[in-house]
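Number of protein chains: 4
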Amino acid sequence: MSQAERLHEECGVFAIYDPDGEVARSAYYGLYALQHRGQESCGIAVCKNKDISHYKGMGLVNEVFNDDLLESLDGTMALGHVRYATQGESKMENAQPLVIRYVKGNIAVAHNGCLVNSETLLQELTKGGSIFQTSTDIEAFAYTIAKERLTTPSIERAVEESIKHLYGAYALVVMSAQKIIACRDPWGLKPLCIGKRGKAVIIASETCALDSVGAEYVRDVRPGEVVVVKDGEITSIDTYVNSRPTSLCIFEYLYFARPDSVIEQQMVHESRKLAGAYLSEEHPVDADVVIGVPDSGISAAMGYAEKSGIPYGLGFIKNKYIGRTFIQPLQSMRENSVRIKLNVLKSTVEGKRVVMVDDSIVRGTTSKRIVSLLRKAGAKEVHVRSSAPPFLWPCYFGTDVPSRDQLVMVGRTNEEVCELIGADSLGFLSVEALAKIAPKANCGFCTGCFTGKYPLDIEEDSKKS
Amino acid sequence: MSQAERLHEECGVFAIYDPDGEVARSAYYGLYALQHRGQESCGIAVCKNKDISHYKGMGLVNEVFNDDLLESLDGTMALGHVRYATQGESKMENAQPLVIRYVKGNIAVAHNGCLVNSETLLQELTKGGSIFQTSTDIEAFAYTIAKERLTTPSIERAVEESIKHLYGAYALVVMSAQKIIACRDPWGLKPLCIGKRGKAVIIASETCALDSVGAEYVRDVRPGEVVVVKDGEITSIDTYVNSRPTSLCIFEYLYFARPDSVIEQQMVHESRKLAGAYLSEEHPVDADVVIGVPDSGISAAMGYAEKSGIPYGLGFIKNKYIGRTFIQPLQSMRENSVRIKLNVLKSTVEGKRVVMVDDSIVRGTTSKRIVSLLRKAGAKEVHVRSSAPPFLWPCYFGTDVPSRDQLVMVGRTNEEVCELIGADSLGFLSVEALAKIAPKANCGFCTGCFTGKYPLDIEEDSKKS
Amino acid sequence: MSQAERLHEECGVFAIYDPDGEVARSAYYGLYALQHRGQESCGIAVCKNKDISHYKGMGLVNEVFNDDLLESLDGTMALGHVRYATQGESKMENAQPLVIRYVKGNIAVAHNGCLVNSETLLQELTKGGSIFQTSTDIEAFAYTIAKERLTTPSIERAVEESIKHLYGAYALVVMSAQKIIACRDPWGLKPLCIGKRGKAVIIASETCALDSVGAEYVRDVRPGEVVVVKDGEITSIDTYVNSRPTSLCIFEYLYFARPDSVIEQQMVHESRKLAGAYLSEEHPVDADVVIGVPDSGISAAMGYAEKSGIPYGLGFIKNKYIGRTFIQPLQSMRENSVRIKLNVLKSTVEGKRVVMVDDSIVRGTTSKRIVSLLRKAGAKEVHVRSSAPPFLWPCYFGTDVPSRDQLVMVGRTNEEVCELIGADSLGFLSVEALAKIAPKANCGFCTGCFTGKYPLDIEEDSKKS
Amino acid sequence: MSQAERLHEECGVFAIYDPDGEVARSAYYGLYALQHRGQESCGIAVCKNKDISHYKGMGLVNEVFNDDLLESLDGTMALGHVRYATQGESKMENAQPLVIRYVKGNIAVAHNGCLVNSETLLQELTKGGSIFQTSTDIEAFAYTIAKERLTTPSIERAVEESIKHLYGAYALVVMSAQKIIACRDPWGLKPLCIGKRGKAVIIASETCALDSVGAEYVRDVRPGEVVVVKDGEITSIDTYVNSRPTSLCIFEYLYFARPDSVIEQQMVHESRKLAGAYLSEEHPVDADVVIGVPDSGISAAMGYAEKSGIPYGLGFIKNKYIGRTFIQPLQSMRENSVRIKLNVLKSTVEGKRVVMVDDSIVRGTTSKRIVSLLRKAGAKEVHVRSSAPPFLWPCYFGTDVPSRDQLVMVGRTNEEVCELIGADSLGFLSVEALAKIAPKANCGFCTGCFTGKYPLDIEEDSKKS
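Note that the protein sequences, when read in sequence, are chains A, B, C and D.
Position 258 (the first sequence) corresponds to 258 in my numbering; numbering is contiguous.
Position 437 (the second sequence) corresponds to 1437 in my numbering; numbering is contiguous.
Position 141 (the third sequence) corresponds to 2141 in my numbering; numbering is contiguous.
Position 70 (the fourth sequence) corresponds to 3070 in my numbering; numbering is contiguous.
In case anyone wonders, no lab produced these hints; they're calculated from the structure.
Since this is a predicted model, take the numbers as computed values, not measurements.
Using N, Cα and C, we set each Cβ at its ideal position, and we do this for glycine too.
Some hints could be false.
Said to hold, decoys possible - Derived DSSO-like pairs (lysine-lysine); straight-line CA-CA distance at most 27 Å:
| id | chain 1 | residue 1 | chain 2 | residue 2 |
| --- | --- | --- | --- | --- |
| 1 | B | Lys1127 | C | Lys2127 |
| 2 | B | Lys1318 | A | Lys320 |
| 3 | A | Lys127 | D | Lys3127 |
| 4 | A | Lys380 | B | Lys1440 |
| 5 | A | Lys127 | A | Lys104 |
| 6 | D | Lys3104 | D | Lys3048 |
| 7 | D | Lys3050 | A | Lys127 |
| 8 | A | Lys196 | B | Lys1341 |
| 9 | C | Lys2341 | D | Lys3199 |
| 10 | B | Lys1164 | C | Lys2127 |
| 11 | A | Lys164 | D | Lys3127 |
| 12 | B | Lys1440 | A | Lys196 |
| 13 | C | Lys2376 | D | Lys3196 |
| 14 | C | Lys2196 | D | Lys3320 |
| 15 | D | Lys3307 | D | Lys3104 |
What the hints assert, rightly or not - Stretch by stretch, here's where chain C covers chain B in the computed footprint (C-beta under 8 Å, at least three residues):
| id | region |
| --- | --- |
| 16 | 1092-1101 |
| 17 | 1405-1417 |
What the hints assert, rightly or not - Reference excerpt, derived from the structure (chain B facing chain A, CB under 8 Å, subset only):
| id | residue |
| --- | --- |
| 18 | Tyr1028 |
| 19 | Gln1035 |
| 20 | Asn1062 |
| 21 | Leu1070 |
| 22 | Asp1211 |
| 23 | Ser1212 |
| 24 | Arg1244 |
| 25 | Pro1245 |
| 26 | Tyr1255 |
| 27 | Asp1260 |
| 28 | Met1302 |
| 29 | Tyr1312 |
| 30 | Ile1317 |
| 31 | Asn1319 |
| 32 | Ile1327 |
| 33 | Lys1346 |
Go ahead and model the full structure; you've got the sequences and the hints to work with.
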């Protein structure tokens, strides 16, 4: 549990207040809609008559929970979480929400994000006698709030005060005996939204979770805002709001979020179509068909096709029976490894000049295999287009970008990578265009992984790990 | 295990001869590609030095098998199977392949299909002292072959002779100590194809399974043909070939098969696009966008859009984390039940006149819910189009069509159903058009579920069950 | 599934007719009491309104069944089974009861025992077109009954006629739509008893299963008898009764059966005490304490102590948390492997001359390790006594005796084995004494594994396998 | 996780230093031997090159761990734990060892016992900003040590200082990057011993765990002593040793510990025999046979028999296939519920005057059922003897004694209880005799549950919970 083990992660949170009960069931459907944000572990805590109980487990929401469990998690408030982590850290201890006893009783806490000053915080806290049982940031959140609670009149004020100490990207939700408190970091790096369904109030990482429980999208939690839900009333503490320009992770639009989600007024699918449209302007090509690499390349491909006038075609069928336990092919069959999950629709590409749109190109190996499959299926030309700019820098806020020596565009020219992946041409969306792909969103963006420029200073410790 | 329990099922088979071994692993990937044909149970039998061993289990291929199991299933021939069955019959006993000891040693048998004379066969066999341990047809196949083997010089001749007794739809594969024997019923109701990869020979329900193991599609097994694979040589017995007009199940093109599969030279995706194109000709409408209901309505929607000139749009996002154990919403949330798995992309349909293409309309309840979702998302008009004609009759060959009183189009006019599902207009592909959706296939089709006309007489017993 | 795979096994059967229902629950407790007879797999079939349903699984009774399953297995008759098998044959297919459809509908069959003419039967049956799906004898029973049923007026008559063809050791129970039929082989090699509880009638391998469901022991099924239970009435067919001298497996008393069971009027614990008493007469020794090797050496040790006047002591504590998945020690720790499951009570043996009574000595390796443990614990002398005579011959009736080259007493003198296991003296109960250990039982015994003399001729095929 | 949830528990700890490695495997066997002290959850932490990794799970040692896991837990030090808890608290979070990051890196902590000042400690700690994630005392231990470590030069000194704050019963083991530290509370309420095997040093709750790994018993950890194991060297800090009279829980001898364990020089089996002997002196009776209720009544029954001269007999057979998932009988069968797990050996008791010795009588219901079983089996008289005095008071140190209103002897005379359980006579061992049952142990005992006199003051908070 050294600092090196502390992981960057992408997660999903969902909280609900509903006087009519069935809150665990709502959380179940909400987390199911957010499953793409984390498949490693999940958990639901509920509050009934000021008493908090919870259940967590490794695996998908529909693997971990069953009817009996949901039945037993009775109450009028719930807080749920889905978690992603790289293989080595796949530990039950790290599952959220974290349910703790602190000075005022019990609370449950869950977050999506990554602190950049976590090592400093940990050292400070351990010097005061604190102990840490997980290898995630959530304990740093819990301790900070617990300490602030000693000198503040309420849990929401404790959360407000904690913002000063918590340096990084986060969407945080706390459930106490009587309230749900939601909070985004002042840069607004991670999304978090508010919904309503009758008397019920919902907090969720994405609006697709609101849709899944039949709730209406009200608004996003503002960067730096502390939202308090008590007995169905929504109030707000805005001490830390608007103090700086905001920086929503642009990769939420390009890759993370579900296409049907709306973030800061901007629907993700439309944003991806726009990325595809700008891509077609920046990197036009004379071709017969535009295809998208499933799943997240599809929207951009449709935008590219629409803008360029080249017909959109169904290029691939993806095997939908995905499972953690799928056995990888032996080395001798490795060439076919992509084909097992992704088969080319020969009739779409045979004898054609093909534009293949993907959401991004990271290591280049998958692109190379897909290009090869297209050629074997008879494509005359394969023009690869990435709706994200080249990955060149690390992310310190939760995106699990590989180290720079594994990024195919680091230290290579566009031509070299084009040759390496076997394409006839290769084009990336420009960083400039990124500013235009979410026109309805009135916020700024973090493009650190493409530009190396981050909205906040990164501690040396974080840089090392 | 009364006759009433005997089920109609849709299944997938995969067999391979490969002198280089690793046959269980190939079968694993082949079955994974065929997983859409059956998710209840699966099994793989292998033959090594004339010795047959096997493993079967309930669940998906990647749930049942692991590396150790595949390692232990060593040999140069394999026979695999995935099975679908309705809830009540979810029994381990019914998993295939069936491995039996008969007069000449051991064989493994597996099939896709449904006999219409199974009750007659069973009564005959039990009158001779036979016993039945499963509630599937596979034992009728096994017994018939075992009896014929007593008076024939080889296993392939026994299979050939069995065709006389086996009345119905089937794609059958037998693995003996030295051979793989593949056979389709003389009407050609169920698909089965042959592939090659170097010295290896593969038999599979669909070509997508050939693709997944890197094999080339050679040809389909002909209706009534018995194909023998021995030491890599493919020979054929054609006694029962061509004796009657063929009748491939048209629903393979419309729904069952994977879009990337080729059946009788015709790619399924193109066939569905053609169905959509004819649908647009037969039921045109003035609209702003064409959307498809995932997964199998997508191809037809693209065809409808292309032919009509109305833009194709992404109408829905389907949650991909599907699992057998997913908990259904309570009655109070039932209205939202579709939304949990299928969310509308508001930006695609808001304020628009929408053509919604689905692969078929069976009970009408799902269509009603989806239409309602589209309206809530702001669609001005919703025009429902089904790329299959109305279901009006039972299927006796393995498709699990509900009873007539549950079929929404039985006893109702088009207008009544249109109103019932809340659409602005409703159109079904005509039975006549079905004849044109697979132009490359030089075979006839069974359209019994739409027309009530079947390629072979149905026994009274089958009608009752 | 070659003949070589066909296994000798020891199993337990339990059947109940109870008009008040809850029969699956009764079967559950009955099988739990018989669990020592088979831990590999178990199953329960129930009959409700002439309809038979069932559930089987790998593992212990309390692992395979849960409340929901028992609830779903509703009816007024049940047939249950627990099965033992050596590792290689641990297959779901072999679990019993076997539920089959035959000429008159459905029946369930289960047995304990082993046919010696199974290979002959199989060859005959396959020559008639039969197929076999398991590697156990139960299908031979089922086929034979099914064939006889064609020419007999009832299922019980079919069972009666089957006795002519079924050559070997068996306790067989059949459940039809209306009856339970129980039958023992004419030599009476395997035990089977009848009990009553109010209106309920129970058939079980041992009386401990009657006790566990609160039933009274009525009598044993007689060798060759066919007992019919219909609507609570017990009738009997005795065509094959008393035609030959009976030969109950003596090892049931010495080892297999539970000490609290009564077989042929003789309580097993008392029989073991008698064996111990005769052992003390045949092999007296001057000693300070008599200890028994748990579990089945305890009773004999108490008998030895009582007869000899030497105090009985608790010599060992056996770890009771047994599980199939227990990890065996590495080679380097192998010396301690016995100690992990069996620890010596130092205070009982330290500085003493110890008589260590075990139920039998097979390979000698375990005895050697236990003697070594006793010496390390400070025993001055260790006198080993076996309450069974030396194993010298194979068993063809279901006991899994190792091959002769593994039997420590084959080809060695008593002195040689005594030295090999490190004992101060070694004594086995004589074959002659066996005749006296069950004085209340008025039946003869099979002592084939000690004498090589069997009550029936063994086919050459059985000898080979 | 209110105070009310905090549980009294009985647990087992095992730690090993072994330069030759395989420490997880040794811990596995050690915990297996200690399994009777806790079946709910278990865990093993290992230290390799100063790095600590661990694995925990719900269930028995042989259910939670497998070969791969043990292989992956590589190192030269290990700390293992088995835990017992009442049903409601069966949570993964409570499993031990607890692995934490604190000011000096990582440590693992595990304990057996119960603090009586835990609520006070918790309130103090939370007032300082601490948070608690479990509902066990182990976090109070961890925090206290972590805080003391801030002002002490070493982990062992931090443990030493912690003793001042930790008020209650405990056997505590800490594993740091370089050392194993073991410590018993100054009253010596919980047992803990030291063993050696070559260069390896072992710490364990009972000596049976030393035996299971082939280690020699060196001595017990002294009450109040802090034992430090570093690089195989054993050193000791005795600041808190001998400051008060010691008070080992007498119930370790009577019930908890395994009969083959030696605590404070006294073998448990001999102690129980002595208890039985004194019981026979205090409550003699004219009878024909003495039987013990398995498992822990056996030793005392043997002592009673030996002393009284009445023959010892095997009275019961206990079903050994115990499992957590065993289904309880329905109310209608409840009368037989004891019989399912415990069957009477009729031949032992029929027509006899029986002395039935049990380890204790708590609620009386089980005794009543067993007496009834004995009478049904034909016992002429049943004289019940308890080798423990009557339970009259709560235990604050980890024994899960029911509340006073459930204790059968509270508020009833001996005669009343005798009648209630249906016995002919009833006798309990006297509190006075307890002092004599462990003559080799030179320590005092806690008999609080019998006398209401405890070796340390109990806080009001503990009394309430």
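These are the hints, each one checked on the structure:
At roughly 17 Å between alpha-carbon atoms, B:Lys1127 and C:Lys2127 fall within 27 Å of each other, so this suggested pair holds. Of the supplied pair hints, the one linking B:Lys1318 and A:Lys320 holds, its CA atoms being roughly 11 Å apart against a limit of 27 Å. This hinted pair checks out: A:Lys127 and D:Lys3127 have alpha carbons roughly 17 Å apart, not beyond 27 Å. Restraint check for A:Lys380 and B:Lys1440: satisfied, since their Cα atoms lie roughly 23 Å apart, inside the 27 Å limit.
This hinted pair checks out: A:Lys127 and A:Lys104 have alpha carbons roughly 23 Å apart, not beyond 27 Å. With a C-alpha separation of about 17 Å, the suggested pairing of D:Lys3104 with D:Lys3048 holds against the 27 Å cut-off. For the hint pairing D:Lys3050 with A:Lys127, the CA-to-CA distance comes to about 20 Å; that is within 27 Å, so the pair holds. Between A:Lys196 and B:Lys1341 the alpha-carbon distance is near 20 Å, which keeps this suggested pair within the 27 Å criterion.
Restraint check for C:Lys2341 and D:Lys3199: satisfied, since their Cα atoms lie roughly 24 Å apart, inside the 27 Å limit. About 21 Å separates the Cα atoms of B:Lys1164 and C:Lys2127, which keeps this hinted pair within 27 Å; it holds. Using a Cα cut-off of 27 Å, the hinted pair A:Lys164 and D:Lys3127 holds, with the two alpha carbons roughly 21 Å apart. Taking the CA atoms of B:Lys1440 and A:Lys196, the gap is about 53 Å. The hint is violated against a cut of 27 Å.
Distance hint between C:Lys2376 and D:Lys3196 is fulfilled; the C-alpha atoms sit about 16 Å from each other, no more than 27 Å. A distance of roughly 25 Å separates the Cα atoms of C:Lys2196 and D:Lys3320; the hinted pair therefore holds under the 27 Å criterion. A hinted pair counts as satisfied when its Cα atoms are at most 27 Å apart, and D:Lys3307 with D:Lys3104 does not qualify at roughly 58 Å. Interface restraint, the region 1092-1101 of chain B with chain C: holds (5 residues with C-beta to C-beta distance below 8 Å; minimum three).
Counting residues of the region 1405-1417 of chain B whose CB falls under 8 Å from any CB of chain C gives 0; the rule of at least 3 is not met. Taken as an interface hint, B:Tyr1028 checks out: its beta carbon lies about 6 Å from the nearest beta carbon of chain A, inside 8 Å. A hinted interface residue such as B:Gln1035 counts as satisfied when its beta carbon comes closer than 8 Å to some beta carbon of chain A; here the least separation is about 4 Å, so the hint holds. At its closest, the beta carbon of B:Asn1062 sits 4 Å from a beta carbon of chain A; the interface hint therefore holds under the 8 Å criterion.
Restraint check, B:Leu1070 versus chain A: the minimum CB separation of about 7 Å is within 8 Å; hint holds. Satisfaction of the interface hint for B:Asp1211 is found here, the shortest Cβ-Cβ separation to chain A being roughly 5 Å, below the 8 Å cut-off. Interface restraint check for B:Ser1212: the shortest CB-CB distance to chain A comes to about 5 Å, inside 8 Å, so the restraint holds. Proximity of B:Arg1244 to chain A is violated relative to the hint, the smallest CB-CB distance being about 30 Å (cut-off 8 Å).
The restraint placing B:Pro1245 at the interface with chain A is violated, with a minimum CB-CB distance near 27 Å, outside the 8 Å limit. This hint is violated: B:Tyr1255 has a C-beta 15 Å from the nearest C-beta of chain A, more than the 8 Å allowed. Look at B:Asp1260: its Cβ gets to within about 4 Å of chain A, closer than 8 Å, so that hint holds up. Below 8 Å, beta-carbon pairs count as interface contacts, and B:Met1302 has one with chain A at about 7 Å; its hint therefore holds.
The beta carbon of B:Tyr1312 is positioned within 8 Å of a beta carbon in chain A (closest approach about 7 Å), and the interface hint is therefore held. With its C-beta approaching chain A no nearer than about 4 Å, B:Ile1317 sits inside the 8 Å limit, and its interface hint holds. For B:Asn1319, the shortest C-beta to C-beta distance to chain A is roughly 7 Å, which falls under 8 Å, so the interface hint holds. Hint on B:Ile1327 holds. Least Cβ distance to chain A is approximately 6 Å, under the 8 Å limit.
For B:Lys1346, the interface hint holds, the least distance from its beta-carbon to any beta-carbon of chain A being 7 Å, beneath 8 Å.
Checked against the numbered hints given earlier, this structure breaks hints 12, 15, 17, 24, 25 and 26; the rest are met.
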